[in-house]
Each structure stands twice: as structure tokens, then as C-alpha cells.
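Residue numbering for the sequence shown follows the working numbering, beginning at 102 and increasing consecutively.
Just so you know, these hints were derived from the structure itself, not from any lab.
Keep in mind that this is a model prediction, so the values were computed, not measured.
Worth double-checking, as some hints may not be accurate.
[As the list claims (entries may be wrong)] Listed below are the simulated DSS-like cross-link pairs for lysine-lysine, each with C-alpha atoms no more than 30 Å apart in a straight line:
(1) K172 <-> K125
(2) K185 <-> K117
(3) K251 <-> K142
(4) K172 <-> K142
(5) K220 <-> K245
(6) K196 <-> K185
(7) K245 <-> K142
(8) K251 <-> K214
(9) K185 <-> K205
(10) K185 <-> K251
(11) K220 <-> K125
(12) K142 <-> K117
(13) K245 <-> K214
(14) K185 <-> K142
(15) K205 <-> K117
(16) K185 <-> K172
(17) K185 <-> K125
(18) K220 <-> K251
(19) K220 <-> K185
[Said to hold, decoys possible] Derived CB-CB ranges, DEER-like:
(20) P235 <-> D267: 19 to 25 Å
(21) D183 <-> N248: 33 to 39 Å
(22) T218 <-> V176: 20 to 26 Å
(23) N197 <-> G132: 15 to 21 Å
(24) D230 <-> W175: 53 to 59 Å
(25) E186 <-> T124: 20 to 26 Å
(26) R228 <-> E186: 32 to 38 Å
(27) P235 <-> I202: 22 to 28 Å
(28) G146 <-> P242: 54 to 60 Å
Where is the CB? At the ideal position from N, CA and C, for every residue including glycine.
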Amino acid sequence: MATEDECLEALQRAAKQLGESPTKAQYEELGLTPASATIMKTMGGWNAAKERADLETFDPQVTGGQPIQPKPDWVDIPDDTDWKELTGQQRWYYKNRGERICRKDRRRNRLRKRLRTYKDEQCECRRCDEDRPPCLDFHHPGQKESNISKMVNNGYSWNSIREEIDHCIVLCANCHRLEHHDSVVDHLSS
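Make the full structure from the sequences, and use the hints.
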């Protein structure tokens with residue numbers, strides 16, 4: 102998950118590139134990271150994030166707003182959810198849920214492929230020279246900031262993933278288990 106500061110910086114970068122406060126669609130067109138969904142999750146909504154970034158927010162009252170249209174028959178929402186009580190953003194999500202899930206899956210797959218390629222081209226176990234990518238782990242020798250596989254699954258930017266990898270030592274699965282075993286034994290004997 103991106104930090105609040107990373108979200109705010111990305112929004113300000115987008116505003117600078119566009120010359121105006123970005124809509125979610127404009128932000129997504131720029132291809133910046135963190136993703137708009139991550140910003141919304143981290144900051145509690147798109148307008149909340151823009152407010153914190155000192156950017157102009159959308160006020161439906163200014164434009165006269167739009168009445169809530171009835172829920173289309175083809176849109177599925179949870180049984181305990183009332184369509185009219187959802188925000189416009191939530192209604193949009195339910196209408197576009199399939200495409201959003203596909204988009205997220207494509208991003209995850211690209212990141213997984215890039216990580217496999219990175220392991221294949223640049224990694225081998227520091228202890229035993231094992232170099233087959235499926236066997237390799239990233240060991241955090243100090244304080245663990247984040248988990249590489251969770252970062253990939255959550256759609257972090259490749260730059261953020263690489264920064265975390267740079268804090269790690271590459272070990273094969275066996276040597277990684279031994280490293281943790283040795284750490285526990287050392288801790289218990291001291």
C-alpha cells in the first residue's frame with residue numbers, strides 16, 4: 102500500500118502536468134502510480150485525497166448535481182446494499198467492476214512477469230549459487246518494510262518494488278529457511 106505522502110505527491114504531479122486539479126479519469130490517463138484506487142483506499146476517497154493535496158475538488162452542488170438513475174438490471178450489488186445510498190463513485194464501480202478487475206489482473210500479471218524476468222536475469226542465491234527463479238526468495242536482513250509478493254499483488258509501482266528488493270538479500274528457499282532457523286537459534290542461545 103502506498104503511503105499518504107506518496108499519494109499526495111502523485112496527485113500534485115498530475116495537477117502540475119495537467120495544469121488543473123485532476124479527475125480520476127485524467128489521473129488514470131497519465132499512468133501515474135500509485136493507482137487511483139490505491140489513492141482512494143489510502144486517503145478515504147478521491148475528493149478527500151485532493152483536499153489533502155490542496156487541489157480543487159468536485160462539488161456536485163456547484164454543477165447542479167445529477168439525479169441518481171435507477172440501478173441497471175445487469176448490475177450486481179450485495180444484497181444488503183441500497184443503490185441510492187451508494188456514492189456516485191461506488192455506483193460507477195459496480196457498473197464497471199468486471200473491467201476494473203480485469204485491469205487489476207493485467208497489472209498484477211505484468212508485475213509478476215517482470216519480477217520473474219528480474220530474478221531470471223539478475224538473481225542467484227548468495228549462499229549456494231542457486232539461480233532458478235522459482236527457488237529464489239528476497240530475505241530482509243534488517244527491519245522488514247514490506248513483503249515483495251504482497252507489493253506485486255497490491256499493484257505497487259515497479260520502482261517501489263525495486264526499492265524494497267534493494268533492501269533484501271537473494272537466497273534460495275532452502276537457504277532462506279536456514280537463515281531464519283539460524284536467527285532463531287542465535288536469539289534463543291543469547
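Assess, step by step, whether the Cα of K172 is no farther than 30 Å from the Cα of K142, and give holds or violated.
-> The given pair, whose Cα atoms are some 24 Å apart, holds under the 30 Å limit.
Holds or violated: are the alpha carbons of K172 and K125 at most 30 Å from each other?
-> holds (22 Å)
Does the structure keep K185 and K125 at a Cα separation of 30 Å or less?
-> Satisfied, since the Cα-Cα distance of roughly 22 Å is no more than 30 Å.
With a cut-off of 30 Å on the C-alpha distance, tell me whether K142 and K117 pass.
-> Judged against 30 Å, a Cα distance of about 23 Å means the pair holds.
Does the alpha-carbon distance linking K220 and K125 stay inside the 30 Å limit?
-> violated (34 Å)
Take a look at whether the Cβ-Cβ distance between D183 and N248 falls inside 33 to 39 Å.
-> Roughly 37 Å apart at Cβ, these two residues keep to the hinted range, so it holds.
Taken at face value, is the distance from the CA of K251 to the CA of K185 at most 30 Å?
-> violated (35 Å)
Using the C-beta atoms of N197 and G132, is the stated range 15 to 21 Å upheld?
-> holds (18 Å)
Holds or violated: K185 with K117, Cα cutoff 30 Å?
-> violated (35 Å)
Holds or violated: K196 to K185, with C-alpha atoms at most 30 Å apart = At roughly 14 Å apart (the allowed maximum being 30 Å), K185 and K196 satisfy the hint.
Honestly, do E186 and T124 meet the 20 to 26 Å range at C-beta?
-> The hint (20 to 26 Å, Cβ to Cβ) holds, given that E186 and T124 are roughly 23 Å apart.
Does the structure keep K220 and K185 at a Cα separation of 30 Å or less?
-> Outside the cut-off at roughly 48 Å; violated.
Of the hints listed earlier, those the structure fails to meet are numbers 2, 10, 11, 19, 22, 26 and 28, in rising order.
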